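Here is what each chain is made of, one letter per residue.
There are 2 protein chains.
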Amino acid sequence: MIAAVTNGAVAGPFATGPPEVGRVMTEVALQLAVILIAARLGGFIAQSYFRAPSVLGELAAGMLFGPYALGGLPLPGWGPVFPLKGGPLPVSTELYGFAMLASIVLLFISGLETDPKTFLRYSVSGLAVGVGGIVTAFAIGDVAAVLLGIADSFLSPPALFLGTVATATSVGLTARLLSERRKMGSPEGVTILAAAVFDDVLGIVVLALVVAVTRAKGSQSTPADWKHIALIGAKALGFWILFTAVGLLLARRLTHLLKRLRSMTTIASICVGLALLVAGLSEMAGLAMIIGAYIVGLSLSQTDIAYELQERLRPLYDFLIPIFFCVMGMLVNFFAVKSVLLAAVFYGLAGIGAKIVGCGIPAWFTGFNLRGAVRIGTGMIPRAEVALIVAGIGLSSNIISPEVFGIAVSLTMLSTLLAPPLIVRAFQGGSGLRVAVEKRKEEEIRSVSLDLPSAELAEFLVSRINRAFRNEEYFVHRLHTDTPTWQIRKEDISFTIIQDDRRVILNMPARYQHIARFIVLEEILNLSEFLESVRKMQSPEDMGAQLLKGVFE
Amino acid sequence: MIAAVTNGAVAGPFATGPPEVGRVMTEVALQLAVILIAARLGGFIAQSYFRAPSVLGELAAGMLFGPYALGGLPLPGWGPVFPLKGGPLPVSTELYGFAMLASIVLLFISGLETDPKTFLRYSVSGLAVGVGGIVTAFAIGDVAAVLLGIADSFLSPPALFLGTVATATSVGLTARLLSERRKMGSPEGVTILAAAVFDDVLGIVVLALVVAVTRAKGSQSTPADWKHIALIGAKALGFWILFTAVGLLLARRLTHLLKRLRSMTTIASICVGLALLVAGLSEMAGLAMIIGAYIVGLSLSQTDIAYELQERLRPLYDFLIPIFFCVMGMLVNFFAVKSVLLAAVFYGLAGIGAKIVGCGIPAWFTGFNLRGAVRIGTGMIPRAEVALIVAGIGLSSNIISPEVFGIAVSLTMLSTLLAPPLIVRAFQGGSGLRVAVEKRKEEEIRSVSLDLPSAELAEFLVSRINRAFRNEEYFVHRLHTDTPTWQIRKEDISFTIIQDDRRVILNMPARYQHIARFIVLEEILNLSEFLESVRKMQSPEDMGAQLLKGVFE
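The listed protein sequences derive, respectively, from chains V and F.
Just so it is clear: in the first sequence, position 443 is 443 by our numbering, and no numbers are missing.
Just so it is clear: in the second sequence, position 485 is 485 by our numbering, and no numbers are missing.
Derived from the structure by calculation, the hints contain no laboratory data.
Among the clues, some could well be false.
Listed below are the simulated EDC-like cross-link pairs for lysine to aspartate or glutamate, each with C-alpha atoms no more than 16 Å apart in a straight line [unchecked claim]:
| id | chain 1 | residue 1 | chain 2 | residue 2 |
| --- | --- | --- | --- | --- |
| 1 | F | K490 | F | E473 |
| 2 | F | K490 | F | E472 |
| 3 | V | K490 | V | E473 |
| 4 | V | K259 | F | D501 |
| 5 | F | K259 | F | D318 |
| 6 | F | K259 | V | D501 |
All of these numbers come straight from a predicted model, not from anything done at the bench.
Could you put the whole structure together from the sequences, leaning on the hints where they help?
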């Protein structure tokens, strides 16, 4: 059945051009097929059999079926499904395009879910923990590169990249674990989520600086001096601030214009288009693409279409993300792993330790005891998409070698593997606050669980409740996790909603539970009222009589 | 702000390889940005200002912003956003990959929405109209190619392709127009929808034959003889039947396995993966890719996850389809259009006439009068995605030239432009049945319209109602149109549901209206009952009391 086919056999004027389009498209189709199936099964196996996050399974599927492993084996009459490409990337740019789109959508949504108010509001422990984690992780990642012999100076591009890879925490995993254990409203939980906002923004700034500096360094033969680096850094930071300021200023006017298009599907597509556009522009301005996508998301996060956009883009996100992680796994040289295994483990553990120390110490200084500090440190361990995107930028622009890329990926793998047991252990036991801090005592968390007749109905109810909270000026934030979990927040009030198949679980601090209960109850009453009116709806004939007539005819 | 950036400036071992990944990705990001924004705005303008289908605006946006027109103009410091590529396609394979994925998803969903029972059930007029339309359109398209001097024999590849382009009707546009006018349940409406099923399947078979024959012809210098063509055709048909039979046999077992993965998001992704896999395999077996995707859809159409799959893939479909049409528009050489304008109009009108005649005559022979025959003929005019995909295959494999591609695209543009006024006019006036045909008299159509408080709620109610019909073994089919419209069908009973923003409109033949009313009413009662139970839900404390406590504290 599988036979080589010479597509486009009618020789045209371009017969000597690039490889035939039909062949290239068939290759991409087969590759996407393998990726979609393998990534999904990998994610499922990781979750069900190893109780690990699905991202681990997706990465592993990529490593296993990629060009360096099974995907490189030739099929009879066709050749390998994933032929090893000669270039900085082992996969084709046709395939990498899908991973690129995924990373743009990912960072756009991540920006959309950021609450700049948290950033601007005074949050001592959140700021301290976020900054401490970023700085420590960057320093330790950078130093590790030198210690491992990957770079010969702390300022050389590979060292700067390994520093940057270590910075950005992906808080979704922690959020899910805490939600399940009703610890999201605890002082540690609140601090971790506040720190994550600072972490996101600062991680992007560090990336902007590093990309600008390494590119400038690369184009010169003389070693960069501090003055030059500062200049380039200032320029990158300037662009970042400029883009963000313009975005925030224009967002409301833009939203107003977009709403004229009426259909949210159209608006969501155009917003992804804008994210891609600013991504391209920021790449042209010397920043990385994801920075532009994040800025567009951040700009739109304060508009009234933010929540609707998140929900509309969710299916696209769900489709693209496994492709992204699987393609990232494919970039790892399966056979080189053995030779760099020790280095990879060292770097991974260093990156994990960096967050525990770098976030734990500031936490300890801002009112937490040792137990609380360790909790916050372990909560900040997980790295995922941003770490991989940064490593991918390094690989695709030849700044880091395939071996170093494998080392960088190990941080995502090790941290998502080790974080869950560490977090669960850390959060056992008593209060994490120092005795002296009286006022911020551990809050009692109340939980209400609603069992609905179907998962679909649960999804609908959650979406209604979230909308009601949005209308009350709450910030509703979907946490990126395998189980749909939302955090709902205003000032120091914070609720979480978890949808687990047919069940909707509402966690709320005892002090504020009446607010949440009121909104949920109101939403249910609204729905009932509406249904009552539909039941009595006016129709050409009276519906009830018509119905009976039909039955007894 | 826009400055050229030398990405990946650190020269690596592959510096002489393909163009830098960073540059390629930036280009793709900018291109996708332009496409998403332009296609969506184009579609909106077409719908709002010209009352034309959105596909016209998307195609026009592609022509206007493509490499042959505005997209080819260089930006300072960067070059053109859509540089003209040297090869059979004017756009990059990186970009074309997204259009390819769109075409696979499109044909997969199209297969999923096919009801093979209609095909197997005896439907004289549907079969006659479908076959008549396909054969006539193919013949006229083929002859037109020779008359226009594009091909020198009826069996030469370009002629066969222009014949194939003309075959497949895209019935969504007709369905929407008839729904809006409550004509979907009319004998003409029912016949058009039955014919569309035959048309879909036969169109795919014709494509399979033509691709096989043209590829075989291309690899030989001697002109193909009939015997040889018959042999190749038989082989292609054999593959088609084999793939379809295997698919239908395995579908239930596969569905059973897939359900173990629990999450429908995961299942939907894997099914798209399977569509891509079989698409790749059918290309390798000498059939076109879309054939494989259609077969996977068709195979799954009879399983109980079919409806759920359609709904889950809808957002992905909505995201990709404008990209598809816009990229297709980009393949049209804007400047060559002038020189082939007459030929394009001739081919377009010939293709339109072919369906009126080819479908009208069989209709006239199976019980319709002249008015009814013209109605059915005009209803079969619209061509869209399949015509473009076939033309794209011809262009990308160098079988047709860019000029001929433009001629082929004109059929889609002219037919979607002219069909709406023609259909609306044709469906005015009295019965389309011959006096002799007494039994099949025009049915009275009843309509119920429900006004809901929000579009979101309307969407939810429609999804519940559709599910209820599915459970009653009805075939629920979403028609590809700008307004969400579903056809619900079992044996000779057929309802339509239209969701227009906050309004849900139910059209039903008077004879069967009690069935539809019963199901809708039951669905509303179910929902109310459930909400009642949630309202009284058990919680650690009694919710009502707690609520009051909160308010009066």
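Any hints from earlier that this structure breaks? Give me their numbers in increasing order, please.
5
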